[in-house]
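Work the whole structure out from these sequences, hints included.
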Amino acid sequence: MKQHYSSPFWSPPYGPPPYPVEDAKLVIVRYEADPAAVAGFVPKPLEPLGNGLVSAFVGEMWQSRGPGAYLEGGLAVGVRYKKSVSSHTIALLTSQDEALFVGREVFGHPKLLCDPGTVCIEGNGRRATLRRRGDEILAVAVNLEELGGGAQMLTKDRYFVKMIPSPDPKWPSLRQVIYQKMEDHKLRMAFRGRGWIRLGGNVSIDLTPLRPYKILEAWYIEASWNVPPAKVVEEEKISWK
1 MKQHYSSPFW
11 SPPYGPPPYP
21 VEDAKLVIVR
31 YEADPAAVAG
41 FVPKPLEPLG
51 NGLVSAFVGE
61 MWQSRGPGAY
71 LEGGLAVGVR
81 YKKSVSSHTI
91 ALLTSQDEAL
101 FVGREVFGHP
111 KLLCDPGTVC
121 IEGNGRRATL
131 RRRGDEILAV
141 AVNLEELGGG
151 AQMLTKDRYF
161 VKMIPSPDPK
171 WPSLRQVIYQ
181 KMEDHKLRMA
191 FRGRGWIRLG
201 GNVSIDLTPL
211 RPYKILEAWY
221 IEASWNVPPA
231 KVVEEEKISW
241 K
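Its first residue numbered 1, the sequence shown is counted upward by one per residue in the numbering used here.
Just so you know, the hints here were simulated from the structure itself, not pulled from any lab data. Don't be surprised by glycine CBs; every beta carbon is placed ideally from N, CA and C. Warning: the hint list may mix true and false statements.
Simulated restraints, written as ranges between beta carbons of each label pair [stated by the list, open to error]: (1) Lys214 - Glu234: 32 to 40 Å; (2) Pro35 - Glu234: 19 to 27 Å; (3) Arg211 - Glu22: 28 to 36 Å.
Okay, structure coming up:
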């Protein structure tokens, strides 16, 4: 049998990167939260910036190669790794298992499955909700008021901490720090306006400690980008204990 990039080898669910995101319709709300609460969601060896700034996003995605149409969203914060400052997604949910597999197995994204959904159009409003097993995890909305700008809201690069668990207590797990830089951003539309956000949770993921103190800005964006191969910048053996 031919050795493929992913398992099952006779029918691999995904191949190696790159993974073009050909169409994304995103509702983004940037806000201030408790810096101490944010710090509690950042895995070592990454360090929180300490400013409490959070970017919440939910959107419809389209990838011809792989998952097709799916819903995805989460929360991103600023982090420091050694002398580098970048972004880290502390929570990420997706509605398709192919997108889940690629995110977790290849890049170390902290992805969980969410229920299927869409971005709702309500007059000038755009609203999107992440639900997991029926429970609301994150809801965001924006009223479309100003056309233009928005390129700074698209993620350019980010760090993730990937854990490769060992099934054998006598054999260590591997912890990798992954640096991922996006490419070929194309912004087709961006509206800015009044924003709204609500954080929820259930027994598998609880985002309520990151509730907003103040909403800073909100956007509706339609864009595309490419997810190329990432770089392993650190690897460490980790024991079970």
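Verification of the supplied hints:
1. One distance hint, 32 to 40 Å for the beta-carbon pair Lys214 and Glu234, holds here, with the actual separation near 35 Å.
2. Hint check: Pro35 to Glu234, Cβ distance near 25 Å, so the stated range 19 to 27 Å holds.
3. About 34 Å separates the C-beta atoms of Arg211 and Glu22, a value consistent with the hinted range of 28 to 36 Å.
Checked against the numbered hints above, the structure breaks none of them.
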